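Taken in order, these protein sequences are the chains called A and B.
Here the first sequence is numbered in the numbering used here, starting from 1 and rising by one per residue.
Here the second sequence is numbered in the numbering used here, starting from 1 and rising by one per residue.
One should not assume that every hint holds.
If you want the ones that stay clear, here's a sample from chain A, every Cβ over 10 angstroms from chain B, calculated [claimed, not checked]:
(1) Leu23
(2) Gly37
(3) Ser78
(4) Ile85
(5) Val182
(6) Phe209
(7) Leu231
(8) Ser241
(9) Phe312
The calculated lysine-lysine pairs, modelled on DSSO-like cross-linking and capped at a C-alpha distance of 30 angstroms, are [to be verified]:
(10) Lys82(B) to Lys280(B)
(11) Lys157(B) to Lys143(A)
(12) Lys538(A) to Lys456(B)
(13) Lys38(B) to Lys82(B)
These are computed hints drawn from the structure, not numbers from a lab.
Quick caveat: nothing in here was measured; it's all calculated off a predicted structure.
Cβ atoms here follow ideal geometry from the backbone N, Cα and C, with glycine treated the same way.
Now for the letters of each chain:
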Amino acid sequence: MKSIQNIGLLLFIAALLIFIGMLGLGGNKLTQDLLPGKTEAHKTAISDAASQTGILDQEMGSIDFISKLKSTIAIAQSNQLTATIPEGVGEWDVKIGYWEVDGYVQSTVKSTANGPVHDNPWLFFLMTFGLAILGGLMFILPKFKENPGLKHNGIYHDPLTRGLKFNIRTGILLCTIVAVLVYGFLRLGNAFWPIVTLFIAGAITYFVFIREKSKDNNPQRSASPISTAWLGVISGFVLISFYILLYWKSEYITNWVEMVNPLSNILSGGDASQWFLYSLMYTIILLVMGVRMLSKYQHNRYEQIRTLSVMFFQTTFAFMIPQILSKLNQPSVDLKNMWPLDYSFFFDYRIDDLIKEGNIGLFMLGWGIALFLIGVPLFTYFYGKRWYCSWVCGCGGLAETMGDPFRQLSDKSMRAWKYERYIINGVLVAAVVMTIGVLYTYFTGSYKLGFINTSDLKSWYGFFIGAGFSGIVGTGFYPLMGNRVWCRFGCPLAAYLGLVQKFKSRFRITTNGGQCISCGNCSTYCEMGIDVRSYAQKGQDIVRSSCVGCGICSAVCPRGVLRLENADGDISERAGLLRTIHITEDEVKILNQ
Amino acid sequence: MLTLQVRDFKLTYFLLMDHVVIIGNGISGVTTARWVRKLSDKKITIISSESEHFFSRTALMYIYMGHMRYEDTKPYEDWFWKKNRIDLVNDHVNAIDYGNKKLTLKGGTEMSYDRLVLALGSKSNMFGWPGQDLKGVSGLYNLQDLENMEAYSNGLKRAVICGGGLIGIEMAEMFHSRNIPVTMLVREESYWNNVLPPEESAMISDHIVKNHIDLRLGVNLAEIKDDGTGRAKSVIVKETGEEIECGYVGLTAGVSPNVGWLKESGIEIGRGIKVNENLKTNMTDVYAIGDCAELLNPNEGRRGVEAIWYTGRMMGETAAYNICDKPVSYDPGLWFNSAKFIDIEYQVYGNVPAQMPENMATLFWKHSDNEKSIRINYDMNSNDVLGFNLFGIRYRHEVCEKWILEKTNVETVLQNLGLANFDPEFYKEYEQDIIDIYNKQTGNNLKLKTRRGLSKVLSFLSK
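This is chain A alone, in the form it adopts within the complex (with noise of 0.2 angstroms):
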């Protein structure tokens, strides 16, 4: 069985080296019938630079060629400085805009490649997805075989999931936030957002440190005082650098997209860009941890059917009915996606599509309200939000069976509960703000909004939290914080269900009388950071607004304490009151008479 396993890890291990490595394979060669331009004044200056460069013809390494053909349109903008406009015709007709730079930059990098992975995808994709797929199920199928019961010893001596030292882990957090933000500005070319963005990072720590007095609070119980997991520094460094590559820099992913471009063809009736692999990746993951999950969990029914859910939510709603539905040339929705989660939802573009769809687009676009309107405080009343959180939503699907390993990570300490209500708030105001802005451009035509300029509130939104906070460090950081740094922190949609969770919802988790020890098993695997022990050892019910219902701390609790439930009777009570207490006032009072 061991030898099995092991086996299984080498393929895995195998099939990530060879999708690291081939993205250096094979290269590109630009044609004069390859040229990219939307417009014959666009493809001659390009033409033109190419001659000047000496690009054309060439045969040449990926990264060579990609930074040849970035300096090629640059000096064709330049070029096209002192160019003359034509009567009748727009300015961006002749002119390359910047914003025009990366689609271009994308499409011919996909349109000239060559070599071994354009000529064989399927052995590609073998040899990378197949191999992974095989080494990963040889890996944990034989778990099955186990005595049922919970299965987390040694984790905290493992490499991969032990944690970091606190001051290295924000270290690395502290990186990476500047990182983006400057990289924001260059990309963007506007420095207000990110001055904004740092300016409220920098109020937030204010009120945390200095207005809740948190400064000398220190977070003994956030990260690892002596150990540091080395692999979950690589880890985090391999998926953190898988985001940057797929959301910024795809065209040096080319070679991956070509890879899965047959499967996409025949899934949706066309080529594969970046977002098909990434959703193909995603539900593949999914579902091999999803399995994982389910040979850890065999003794416990709760953790079976919250993870087959997610596994049936994210291969039928998030993959397979999008590329149905573009199949069919109808608008690809991910059904079970809402504003403001899905940040884009209202955006012009996208309105427009389904409007020009007729009924079938005017019923998505009514379901899509429909669903954050009624269906969550309607949901979230009944059950609590883990109806979204921890059954349905694709980003918790990956944090309860990737980012399983992980969930211990999380910090528990007040002040990083103090952090969480700041931001995961401020999110969800950042994000009905920008949405007030879209639409209000949307229904007047006008960019301005007092004195904020809607559109680039929209572009710093998509890159800042879309991709940076959602992706990079939401993801990226798994192995390092814990696997729900996003839905803790950053989600807008957890805000709000948050708010009718904590304010008005039949959902909370009792706590049985006085059995519990203290031992923080529950506070420990709670992957958000919520200090369960705090309330079971007082014997209160948990009324959070975090909690997303993973179960996960009745399951790990070896006495018995824990229980998830829904029903209306006494919540503020018995979620208020200290209920451990043994002694009574009353009692006292009778003594003393």
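Based on the hints, put chain B in the right spot on chain A.
Just chain B now, with coordinates in the frame of chain A:
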């Protein structure tokens, strides 16, 4: 002028303020400190030489097994103590002068107290076995025991654990989690059968064997052999004379109050420090709580010394009331306890003795997987429900307690048994199965009326 007066007042107040000194920072001592703080403004000091901060002793095993780090076993963040004005002193008390109300600490410094709380905990029982002081031999009670286990675990070929009970099986599970082979020497004929009824005891014995732990029943330790360097190398089994090679010996034959060092000090000691119903000792303003205390008049059916987390917590609270001049008697209420035997959780409410008294009837149901069971005891004559024993199934404390205290008829209990079920959602409910057993035994035809669910529980509890 006004501010000066206020400051003077504060200073005077500070000097007049009672100083409550608590020796021991386990659950009992810490609970006292927390409640004294809730009830008063007294100065509070906790002295402990074991650890700087309070940690959950019951979670020691999880540190070794890699489920948690030491930090995670601390129920309060380190800043909690300062915020609540509870002074922590990481030192050892060498002597107590009850007359002058003074303590002498290890370094020779003195500390005076107005009220003293002894929350000294337990120590592992050693019955004078030859070799019990060798290196690589320990019990499992405190942080130092854990460090000792850790120090000898690298490359360990086998561990032998002498003594069944809760700590024995914890230690076995710990070594097992690191794939270190374990042999358990248990005096009884079946695991923990002095506490568990025979069926449950057999079930847990099976579970231990299923986890590849070498369980030897009905045997005793004769001696531990030295490898020549002062470290344990093997144990000799008394009954068979067999020698079992091992690099570590766990001695887990129970614990006893950690009071040896107070024997000559004048405080009244039996098995533990004798306390009255207000948890006061024979010395003025000195209280004793938790594992180290022995009640002069325990409640009927209860022992004088109960080394249990829950009673420690209750005593801590009771002592705080008494210290704050709100006299109240210690009453542990209805017996309850819980544990986990490797993968099988255990809960008990009320009266479930190992040997059934004559007037007690029992209903016992066991799942075919041999890992879940329910036992309900009731009075043969009055049919009042008396106790619940649960394995692999969770029941609600509040519901079971209410049924037992209100002397509910077992048939009412059975028909509403779903109220007690505390298993997670979607778990199979076995209440009808146990009713079927009752029907078979009595010829009745009862049906389950109330299934699992919180709403019904809340209305039941508020009745």
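Outcome of the hint check:
1. Leu23: holds (36 angstroms)
2. Gly37: Label holds. Min Cβ-Cβ 59 angstroms, cutoff 10 angstroms.
3. Ser78: holds (58 angstroms)
4. Ile85: holds (66 angstroms)
5. Val182: holds (34 angstroms)
6. Phe209: holds (13 angstroms)
7. Leu231: With a cut-off of 10 angstroms, Leu231(A) remains clear of chain B, as the shortest Cβ separation is near 15 angstroms.
8. Ser241: Ser241(A) is indeed farther than 10 angstroms from all Cβ atoms of chain B, at 29 angstroms.
9. Phe312: holds (16 angstroms)
10. Lys82(B) to Lys280(B): holds (28 angstroms)
11. Lys157(B) to Lys143(A): With a Cα-Cα distance of about 25 angstroms, the restraint between Lys157(B) and Lys143(A) holds, given a limit of 30 angstroms.
12. Lys538(A) to Lys456(B): The hint holds at about 23 angstroms.
13. Lys38(B) to Lys82(B): holds (14 angstroms)
No hint from the list above goes unmet by this structure.
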